[in-house]
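Listed here are the chains, written in short residue letters.
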Amino acid sequence: MAEANAPLLSLRGLTRRFGGLTAVDGIDLDLAKGGLVSIIGPNGAGKTTLFNLVTGLDRPDAGEVRFEGQDITGLSPERLAAQGIARTFQLGRVFGNLSVMDNVLIGAHTRLRAVKPAVPVIGPLLELGLALLRPASVKAEEERLRDDVKAIVARFGERLLPRIDQPAYSLSYANRRRVEIARALALKPRLLLLDEPTAGMNPSETAEMQALVAELKTEGLTILLIEHKLEMVMQLSDRVIVMDEGKKIAEGPGEQVRTDPKVIEAYLGHGLSGAAEQENAA
Amino acid sequence: MSNINRRTLVQGSLAMMAGAAFSRSAFADAEPILLGVSGPLTGPNAQYGTQWKQGFDLALDEITAAGGIDGRKLAYQFEDSQSDPRQSVAIAQKFVSDPKIVLELGDFSSPASMAASPIYQRGGLVQFGFTNSHPDFTKGGDFMWSTSVSQADEQPLLARYAVKSLGLKKLAVLHLNTDWGRTSRDYFNNAAKEYGAEIVVTEGYIAEERDFRSTLVRVRDANPDGLVLISYYSDGALIARQARQVGLKQVICAASSVYSPKFLELGGEAVEDVHVGTRYFPEDPRPEVQKFIAGFKKKYNGLEPDAFNAYSYDAMNMAAAVIRIGGTDRRAIRDAFAKVKDVPSVIFGTATFDVATRRVKGAMNAELVVRKGQFALWDGKPT
Amino acid sequence: MSSWLDYTINGLIVGNVYALVAVGLALIFGVSRLINFAQGSIYLVGAYIGWVAVVQLHTPLPLTIILVAVVAALVGLIIERFGLRPLQNSVRIAPLLATIGISFVLDQLVMLTFSPNPRALPSQLPDVRFQVGGGTIGPLDLLIAGVGITSALLLFVFLRYSKLGWAVRAASQDRDAAMQMGVDVNRVNQAVFGIAAALGGVSGMLVGMYYNQIDTAMSLQATLKGVVAEVVGGAGNVPGAVVGSLLLGLVESYGVAVFGTSYRNLFAFLLLVVVLVLRPNGLFASARQAPPEPLTGTFIAPSRPLRIPCWALSAAVAVFAILPLLPVSFYVLQTLINAWLLGMLALSLTLVAGTIGQVSLGHAALLAIGAYTSALLSLTLNLPVGLAIIAGGLMSAALGTILISPSFRLRGHYVSIATLAIGEIVSLVILNWESVTRGPIGISGIPPLSLFGYDLISPASIYWFAFAVMVVLALLQARLLSSHLGRSFRAIRDDDIAARAYGLSLNRYKSLAFIFGGFAAGVSGGIAAHLYSYINHETFNTQQSILALTVVILGGLGNVVGAIVGAVALVGLPEVFRIAAEYRILIYGIVLLLLVRFRPQGLLGTI
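Protein chains in written order, with the UniProt record's numbering: chain A, 1 to 282; chain B, 1 to 383; chain C, 1 to 607.
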């Protein structure tokens, strides 16, 4: 077992190449339990690829990922979800034809126990049988999860709650991002990876989102955040990591990183793409 | 798509049309006696349904010209089944529950025909399958009758032609891998062995196959002195062409099902000298054959009839003969099949049912060969 | 030893023929990401135009080729303009279905114009043959090879060096970006369809001359083999399609050499499945790429399904339940029995294709497995029919799931192609495994339906039996869909990557969907076997699979009530409109096209 003060997540020399391009190049990272680390960097710096490597959607060519001290490199996303790692997606990947309720319930999938007995081999068949027969334990579990989902959705106030039975495709862009975050929270994650949660949001929506992330942090949730909006990053992060062309070019507290000449050069060199973009958006 | 059903109302078969067209004829008052036909008019076997109609219509013209049946016209209602069992069962219920239908003809393929058999049997309507060679077809019940030449009869004739007449001793057998082709192959192989030949290779192919080159390499390597084709005309022509193209010069001997002008058209020079065991041939002096061929050419602008035309022509004549004895009562018609004797037939000379098997025995035999692009009676000369 | 040379040459010659179709398919796939099921129909049209030119107009060969190419290109342009362009912003499944509809329409038009009888299409080349190995090749072989290789080369040069070709490649890599860069995507599509159609038409004519035979059934076979060759070579890869075709020809030829002629197609389809499993992007795709964006999400139309109130459904069930007591004919009952049997198959397919998004084109295989299991158990072990049918359902659930599992890791159109191949494999195994299935002779004398010792032979009792079974299966499926499995299946369909990130194992849930769906299909097949009393390998064919998919799309993907409504409609409506006679398949194709155009989400909507 991991020591009490060992980092919850630690990456060592994580590398991923696509053809001639090294998208993620020897990244080291430590994230303590209850901490919030932000990753910033221009577009194409490899941030999302890094998330994919941590959550098992892609496999690294070199390096390792440790979660609670255990090597989880290359495990399938299903297993990582079961270990309590939840993420949101940069471009938004809600289930379009599912209602908000069902979307968020999918987030709670790994918490199903009564209907998914951990029996080898015939487990899936039991799951099918229990889903059809629905004994009291299964019904109770489903009810409990539905109540949970309502509580989570209620955190977004009146934005989502009235639309809880609407299909996700009918929601606004900002609301889809909220559904994604609600879905991630429904997993009761031990590590939450947020990939640009405020993309496409106006200032007041951004402020709401920032308040929510701050609240989650206060509740003790460990968060890895990709974000372009520097104000938010500065206010929320324990530490900031700056990536460029797959490499980590700076790491440290927000203010220190912000004034780092390498960081400024990276952003300027890329035509201020990231920063400029979000200025426009704002 | 396949499970759509439709009815084609053939010339003169619809009561309404008959009423309009023949109101001034001798059949003014009487409703026609109606037969049901279940067969393919669309789908992959559509061509065979078209050939059936040609044979039926010719026979009906002759029957009408001869005064019909007790002053009533004979007509048929053709329902397209696409040779699909799902459609043939629905058609069967339709025919069974339609009191105007006194007898049913068809279907074409075994799955379609035999799926409908239980319904005809229970409904007490004769299912007269005239192309159903599947050995189990008439075992479906005492309402199943067939004039399809039993392969147990036909294949030994072909084997005799190949082995005894042509003197072939090492045979390569290529057959359609359907119930018909498989059954035929087994009867052929047994008979050929009895006549003293050796079967050096057998190859079954599916109906959609077009390329036989690799199959023919297998045939060549087995070193036969003759090729036997248990094929229909289109695939038979393809095999003959490709055999000649790859340089196989052995004698080719084919089952009667290739007997069609299309075989000559599609095969071209490659089918020259191909031997075909058939049930009749153009110069056959038998009056029923001459009447059939002359009538057919006249009705269809000089078109030569083929085997399927002959089957359906015979079937319609047989139906008429049975109804003359049994009347229009369905059970009486069934009983009449056992009574009918020596009906003139292109295929059988005269046809009489064997009550035990509900089939007709004693198909005629003609040994033909393609000479100068025409089917001709084999003159006994080696090729 | 020399035989192996001959088998190799023969394989290459046939592969050469396949390549002509595959190149056209690859070109279209490269730009539109679309498997054009109408390519075989253009091939057919080309063959018949060639016949008109050669036999009636007596044109010389070069003129014949030009004439065929021009007419076929026109057909291609019309298909693009009126069949596919209106669907540009529609769901991804829409153009695929549209090409199926277009192929029905074209095939049927040719059949109505020229009759179904095969025709001879004489070659216009001198009949000289060259000895190669143990066999010979003729000038047509060389011409076909020449046309295949030249067109592949020309296309390669065109794509690489011409301005339009550059636009085509840009559009194929990123359509939106290309549009923003000022590429006229419509013009690109037109060019591609025109070229591909001209090529398809000429190939149909050349192959017709090659065999001296053309008929209306050649379309589907050409499409099937062309698709196999194209996917083996890597969909969208023009040189890959040529190599894939040659490889397919070789595999078939060697298959014949080793196992015999009746195994030929078995090897073709096994090759396809193996390639798809090992290298899902074809043999010539680069090894490892960034995880692709899901095709799902855009594959299923967003829709608000029509909610039918519970009382209305109960009333409908009640009406159909008492129908045999009313004065309706046995024919109506039999038609509805067919509808209920198709309805069970559609329930199964709507679950796997609609709910979990595995668009299967080989679903008839599940019917066949259920039918053979039930028939053989009742015949050889004297198992009571009721139990035998249940056993057939279970066997179909188990075996069907195992057989289809190689397709679980595939996406989008590849699933359809893999399942199509798996369906063909099942049918060919039934044909060849004679010791069990009795091969082409089939199984006859299957006992009639019975329940607790009572034979169900009256149409009314069969009707009630089939209807009751279907209603029970539909209720079970509705219950399944309202459970956590329902939302899990739909989540996997909408976005399998997000689903995995939330702990949903794709193999587990796709298996569960196929187990449940396989049972329903197997039961349908089992009942059919006892109803028909005779089955063989042709009873449950690819056309059944395509019909079932049409039913499911008509009703609305994933929609339980829709599946049944669709089944009743596709069995019943043609009966009502019988006057259409010869034109019914034409009408069917047109209705399919209109449906895709105006209601891609189906009558009752996708769930």
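No lab work stands behind these hints, which were simulated from the structure alone. Note that the Cβ used here is the ideal one computed from N, Cα and C, for glycine as well. Take the hints with a grain of salt, since some may be wrong.
Stated by the list, open to error - Pairwise CB distance ranges, derived in the manner of DEER restraints:
hint, chain 1, residue 1, chain 2, residue 2, range
1, C, Ala468, B, Lys139, 28 to 36 Å
2, C, Thr150, A, Asn43, 27 to 35 Å
3, C, Val277, A, Ile122, 21 to 29 Å
4, B, Lys169, C, Ser3, 41 to 49 Å
5, C, Leu326, A, Leu161, 49 to 57 Å
6, C, Pro280, A, Arg12, 42 to 50 Å
So the hint says 27 to 35 Å: do the beta-carbon atoms of Thr150/C and Asn43/A match that?
violated (44 Å)
Using the Cβ atoms, figure out if Ala468/C sits within 28 to 36 Å of Lys139/B.
Holds - the Cβ-Cβ distance for Ala468/C and Lys139/B, about 31 Å, lies within 28 to 36 Å.
Can you tell me whether the CB distance of Leu326/C to Leu161/A sits inside 49 to 57 Å?
Holds: the Cβ-Cβ distance is about 50 Å, inside 49 to 57 Å.
Starting from the hint 42 to 50 Å, judge whether the C-beta atoms of Pro280/C and Arg12/A obey it.
32 Å Cβ-Cβ, so the 42 to 50 Å window is violated.
Between Lys169/B and Ser3/C, does the C-beta distance stay in 41 to 49 Å?
violated (23 Å)
Can you tell me whether the CB distance of Val277/C to Ile122/A sits inside 21 to 29 Å?
Given about 26 Å between the Cβ atoms, the range holds.
Violated hints for the displayed structure, listed by number in ascending order: 2, 4, 6.
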